[in-house]
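Chemist: Each chain is listed here by its residues.
There are 4 protein chains.
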Amino acid sequence: MLLPYLTTQAYNDAHLAAHQREFRFLSESLQEKQVDVERLLEKLAGFQVAIPSWALGTGGTRFGRFPAGGEPRNLEEKMHDVALLDRIARCCGSISLHIPWDIPSDSKAIRSLANDLELRFDAVNSNTFQDQPGQALSYRYGSLSHVDGAVRKQAIEHNLEVVRYGADLGTDVLSLWLSDGSNFPGQNNISGALERTQDSLAAIYKEMPGEFRMFIEYKPFEPNFYATVIPDWGTAYLLAERTGDRASVLVDLGHHLPNTNIEQIVATVLSTGKLGGFHFNDSKYADDDLTTGSIRPYQLFLIFHELVSGLNKKKLPLSSLGWMIDASHNIKDPLEDLLQALEAIQLALLQALIVDTDALNAAQVSNDPAGAGEILYDAFRRDLRPILAEYRLRKGGALSPIQFFREHGLRNELIKQRGKKALATGL
Amino acid sequence: MLLPYLTTQAYNDAHLAAHQREFRFLSESLQEKQVDVERLLEKLAGFQVAIPSWALGTGGTRFGRFPAGGEPRNLEEKMHDVALLDRIARCCGSISLHIPWDIPSDSKAIRSLANDLELRFDAVNSNTFQDQPGQALSYRYGSLSHVDGAVRKQAIEHNLEVVRYGADLGTDVLSLWLSDGSNFPGQNNISGALERTQDSLAAIYKEMPGEFRMFIEYKPFEPNFYATVIPDWGTAYLLAERTGDRASVLVDLGHHLPNTNIEQIVATVLSTGKLGGFHFNDSKYADDDLTTGSIRPYQLFLIFHELVSGLNKKKLPLSSLGWMIDASHNIKDPLEDLLQALEAIQLALLQALIVDTDALNAAQVSNDPAGAGEILYDAFRRDLRPILAEYRLRKGGALSPIQFFREHGLRNELIKQRGKKALATGL
Amino acid sequence: MLLPYLTTQAYNDAHLAAHQREFRFLSESLQEKQVDVERLLEKLAGFQVAIPSWALGTGGTRFGRFPAGGEPRNLEEKMHDVALLDRIARCCGSISLHIPWDIPSDSKAIRSLANDLELRFDAVNSNTFQDQPGQALSYRYGSLSHVDGAVRKQAIEHNLEVVRYGADLGTDVLSLWLSDGSNFPGQNNISGALERTQDSLAAIYKEMPGEFRMFIEYKPFEPNFYATVIPDWGTAYLLAERTGDRASVLVDLGHHLPNTNIEQIVATVLSTGKLGGFHFNDSKYADDDLTTGSIRPYQLFLIFHELVSGLNKKKLPLSSLGWMIDASHNIKDPLEDLLQALEAIQLALLQALIVDTDALNAAQVSNDPAGAGEILYDAFRRDLRPILAEYRLRKGGALSPIQFFREHGLRNELIKQRGKKALATGL
Amino acid sequence: MLLPYLTTQAYNDAHLAAHQREFRFLSESLQEKQVDVERLLEKLAGFQVAIPSWALGTGGTRFGRFPAGGEPRNLEEKMHDVALLDRIARCCGSISLHIPWDIPSDSKAIRSLANDLELRFDAVNSNTFQDQPGQALSYRYGSLSHVDGAVRKQAIEHNLEVVRYGADLGTDVLSLWLSDGSNFPGQNNISGALERTQDSLAAIYKEMPGEFRMFIEYKPFEPNFYATVIPDWGTAYLLAERTGDRASVLVDLGHHLPNTNIEQIVATVLSTGKLGGFHFNDSKYADDDLTTGSIRPYQLFLIFHELVSGLNKKKLPLSSLGWMIDASHNIKDPLEDLLQALEAIQLALLQALIVDTDALNAAQVSNDPAGAGEILYDAFRRDLRPILAEYRLRKGGALSPIQFFREHGLRNELIKQRGKKALATGL
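Chains as they are written, first to last, in my numbering: chain A, 237 to 663; chain B, 237 to 663; chain C, 237 to 663; chain D, 237 to 663.
None of these hints come from the bench; they were simulated from the model.
Since the model is a prediction, treat every value here as computed from it, not as a measurement.
Treat the hints with caution; some may be incorrect.
[To be verified] Derived DSSO-like pairs: lysine-lysine, alpha-carbon spacing no greater than 27 Å straight-line:
hint : chain 1 : residue 1 : chain 2 : residue 2
1    : A       : K657      : D       : K389
2    : C       : K389      : B       : K657
3    : A       : K510      : A       : K549
[Claimed, not checked] Have a look at the derived ranges for each label pair, beta carbon to beta carbon:
hint : chain 1 : residue 1 : chain 2 : residue 2 : range
4    : D       : K550      : A       : P369      : 51 to 59 Å
5    : B       : K269      : A       : L239      : 25 to 33 Å
6    : D       : E431      : B       : K269      : 27 to 35 Å
7    : C       : D435      : A       : D249      : 54 to 62 Å
8    : B       : K269      : A       : E354      : 34 to 42 Å
9    : C       : G509      : A       : K549      : 29 to 37 Å
10   : B       : K550      : A       : D249      : 44 to 52 Å
11   : B       : E643      : C       : Q371      : 30 to 38 Å
12   : B       : P553      : D       : T508      : 31 to 39 Å
13   : B       : G509      : A       : K549      : 51 to 59 Å
Just so you know, even glycine gets a beta-carbon here, dropped at the ideal spot from N, CA and C.
Full structure from sequences and hints, please.
Modeler: Okay, structure coming up:
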């Protein structure tokens, strides 16, 4: 039996009474605050987070990797895992492919499988931060920014190949993280590398199909430790601005210097119309790629507060941005990790949605920071988990994802199917 | 009429029904989780947070200060404000004095006023980071660590004077933050400065009354920007260890380098038996001294989780540590700021108290980080505000502190009494 | 006697022989490397660093200030101090005024004094981060970004007044640091504050005389500790881009998050044509405002490397950017501090000028980071102080500025003239 | 021909005249400052830096690795490379082994080879941060701190095995970096993990031969991203203190939070008598493992200033501490990278040695930070490379290491011997 077709009915029935009691009480409390719970449930339905194909196996650090077993061995099994997650959580019905870790050579068969699994394809991701076996020229010293035009050409071609794979699968976004940079002062001509990158992006952009969009990601360091070519939102914005209307900035939560006010970046880029996509994870020190919401849940709420406000101001739906989880599952079961992340993300969205906007505006206009704080606290401190449970219940998912996953022994099931030593491609 | 004597009865009555509905529902939910709400209420009663005398007026930065009016003009009015806060929040019935900003010259009268206001005196704080008018020797280049023995002697004398004031008022803790350090490489002999500090602390310790304890605070930078003499917990611990049994470490939340795991420091120092006191505030960048809980509420919960666990392990009550708020109220009404801080602190404590310890231990012993995460999330995401409200209700405080403060126009009342231009001593 | 007219002749004569021996040896060594020392001396002559009027007295922190005596009591004495510095160091013949700390009410007299002292006026700086006595509306909650149009108008008017003072004195640059922001999440509508700032800048820009330029400074935090309206170069760039051709970005070395690659920002903004000015200082933790070069001299060299490369690429002279020292002299004699900063700045410039550009380009083109490193090390490790000394010698300055300042007892002279308690306006 | 036996004579002869001119001039200049150059040369001879066996191949990040060819394929070839380095630089005649990457199974043969190559064995390093093929129990959830006693026992046994290998080779230091920790709040009982680590260290210590010392390294994060068991010097100090007299703290330059004052830690730990060893590298963001001196050379000088001062105070020689380079050579030739690091380290030492200690003490005692700064600047800005060259000349090394390495085509020679695809064990 394919796990995605498993049913949650029995599980939900067993916990229904308790859920209903909590949901009813919360609904009434919110109603008194003029919050329309049905509208929240609709918003949830319109908010889907993509799962990347490389997030389904154990991740690692430069010091090692400790696989746990039952990892998907190929693209089909990865799609299976995403479908399984969506069956449980009902908010992640799309997969984001990373080329060349997951090449959909037989696109027709893959599309057909996706159809069976009720999956869509999200942004496709290129990779020029590693050398692949048999690759003609090395990315040791860069790719799109390389001093050698032949290497740049190879990297441009790779990106266009990724676009073609994406087009075949029905997606229209190229997501581009460029690890190019330098480890030492003097290694690169900094402005020269930026110019060459600009030219390479233009070359890719020109050849993309007309409907394709390009997300440009930034990151301050790692794997380069002196100067990354696209280190911050300002540089990504400059490049997107110069590349074209369909080029925009992608924000990855872990790609910031210590103490950065990420929600402000989100608000600013969103206000320029150049915010394209979003990668979720959490971190305490660097690009730690921990479970979203596991370290700074209040920051996540504040980010969603800016996202919701900014999109409302522009009258755009949540789906106008690209949402994806991008984390590394070094010691948790990857599927449990993703279920926890999805819960944290949806909770933060819900909290943002119940902020009393009128009262907040009034507090802001009257310079009342203590009052504004009370309004945000009231949204954040409220326990909105019953709404998430209700959403999943109505959509056929599981009232409590992790509990369901465990009670049904799903990891053991996967290990049984795939073996203890199965390893996924990826980092 | 003195504000501390105002009654909350009418206010609470008006909001009683709504509160009771929420409290009852929450109690039942917790009961199902085997959480004893009455025990939580008892714990709250045993947890009191001191208010420092310098936190009752507008704070500022080196760039300026924007006073808002109605600030207390003398120690008596500061005591009045703390009593007012405690009347509302019922968890802050003590005041921590800062000498020489607030010198209790007539200790008998002050003690009598405290008695009237039902206030106790918490730790006394010395100040050698400023020069006072008429002071013989300057602290420009340090105090307890100064190269000149005469300056050190003056600073030691000042600390002993502070101890005497404290003893007169019935407290037994000297809280010592040493801003000494250097702004430039080479300015100080680093190990020499540490040795002199060690000697100065020993000299103070030797002269303190036998029951007096000494809290040693650490801080990495500001007002010195190259090397502070006591920059981190390790140095404070070394000094406390060498000074004596009644010397211990004081943790101020804002006194850490970026990304520091503060809860781990708390756990480690607590395990050595050398954790003395705690200063609450919040920050995003440096020692920002923002409202506790306004930036990183989850971290605050994790800190309380370690505090509660560590004290339980040693079978010590919460009151065995010194708790104080130490923040700067630059743009909020100081009293509102403190009320928000108290609420955030108590909430974090409650969240820590409802952590399912047995389940967490089981998850830890079976290496189940996802499971451990679920247990912490369950404690943190639960909305425990009704328990706080109930606590205040039973103690005669206000169901909703900020709302009560505002509805009763208490700031206007204070401005009326003290004037728009009243300025408190302090930073 | 006015100190600026003191002569360095006797001092230099006494140290001439030693200097000449060192200068000759260095010149020969450089000549072997094809470095033209006379060209370096010319470059030095074309590189002048402004001194701000507020840097001539003792600075402080929010915890206190320890004045040292002899500080200038008025604008005239500040100009005197700058002229004195320039007489010694011959690279700082201009003063940058800060309004309202130093209002040149009688511009004719001030201009005449400047003429006598051979001083020019550099950028004028506005101040909306403090309230001045008698000010109609408060900047407690912002100025150019304030929610209230009347406050914004007052701040715009202030900036235009500053421009008028500047125009009267013959300068054509308005330097604008906006401290506006929020201390707490929710306090401000982030994108709204940015839009209002944009509008205010446009209003100022429109009214400035046609030749006036506007430098827009950014800073991540302090005095606001949650979100500053212009926190990073990206935001300053956005604003400058939208404001007009004569608006550009000002980089202050201390205004960055931990670990920021400042030289990369310099290279990037310079490449866009939007780099306007530069504020020198050094720091270890935050905006510490320490002596330039006292903490990270290699970073300073790398920054100058980017400045020199970027300007060369655009065939622009060093003087096309605005250079100023912006530091706080908390515990050093302000004039000595400035002399040390000037020496460090000029040294870093010289090091950047002797980088073997052809060899570096070759190393970059052949992806040779170790080779590129050797080239930078060779420039940085060389002791170029004799060239600075020679420059000063030829221009009539002092061979060794600090030594000269001390041997001539200049601070005592100033204390004698102004008194031990003289205090300068400023922070 | 084995490369270590190559001769530098011809190379040095060709550059001798230029060197002598520079060395003579520098010697005279220093003599005027009362600096005895011969004493500096002696100090250099007494300062040897170990090379770790894992630093001779290409390093990588979690995102990939780009090998460059000619890497040593076994322990013998690694020893060869170290001997080659020492032949050129004459300051690195010892190798530090990492078990199990380099197991000296035939210790007699290895000792004999070491004898031939004039190499000594430095500290031995254990590894419990990876699982080795065939390992009974996994370190996925820790090793010395693991909740399961069986895993702890395995890790203890491994460390003792490492000690035995070390003893066989004639070394007497076990260097222990413990990567144990947690990625998520709640995963570990923080104080429990510390206690178990304490017990494990005691178990190892008890079984080590009587002359063996134990260096305990700390690191704040990576590969664990929430809480590392030994995150800071304070914790390492606590553990060393409790473990025994022969246990001490090891400082790795890259293992600190942003903005940490490392030189102060060095001074403090040295003053307690618990500083054991030192790992050199450089970094801008995290544990970047870049070439020592490539990012913060002034900090390196300040660290050596504290080391030299602290050792002088205790009348201990430089050799009383363990010195090692610990860097990752991701894009530079590893041998060139090490040669650059050695040069930077020796330069910093020389700069520290010429600090005018008497003058500095005088400046410190008279609270003269500007004067103290001048003294440090004078040491740091002086170009001391000719002394290093002279040292190498006298010892038979190469006047200019990198240049010599390149002119003799040594990497090509290694590639010829070992092949383009040779890969070293390690990260």
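Chemist: The structure should be examined with respect to each hint, and the outcome stated for every one.
Modeler: Here is how each hint holds up against the structure:
no.: 1; hint: A:K657 - D:K389; result: holds (25 Å)
no.: 2; hint: C:K389 - B:K657; result: holds (25 Å)
no.: 3; hint: A:K510 - A:K549; result: holds (15 Å)
no.: 4; hint: D:K550 - A:P369: 51 to 59 Å; result: holds (55 Å)
no.: 5; hint: B:K269 - A:L239: 25 to 33 Å; result: holds (31 Å)
no.: 6; hint: D:E431 - B:K269: 27 to 35 Å; result: holds (29 Å)
no.: 7; hint: C:D435 - A:D249: 54 to 62 Å; result: holds (59 Å)
no.: 8; hint: B:K269 - A:E354: 34 to 42 Å; result: holds (36 Å)
no.: 9; hint: C:G509 - A:K549: 29 to 37 Å; result: holds (31 Å)
no.: 10; hint: B:K550 - A:D249: 44 to 52 Å; result: holds (46 Å)
no.: 11; hint: B:E643 - C:Q371: 30 to 38 Å; result: holds (32 Å)
no.: 12; hint: B:P553 - D:T508: 31 to 39 Å; result: holds (34 Å)
no.: 13; hint: B:G509 - A:K549: 51 to 59 Å; result: holds (55 Å)
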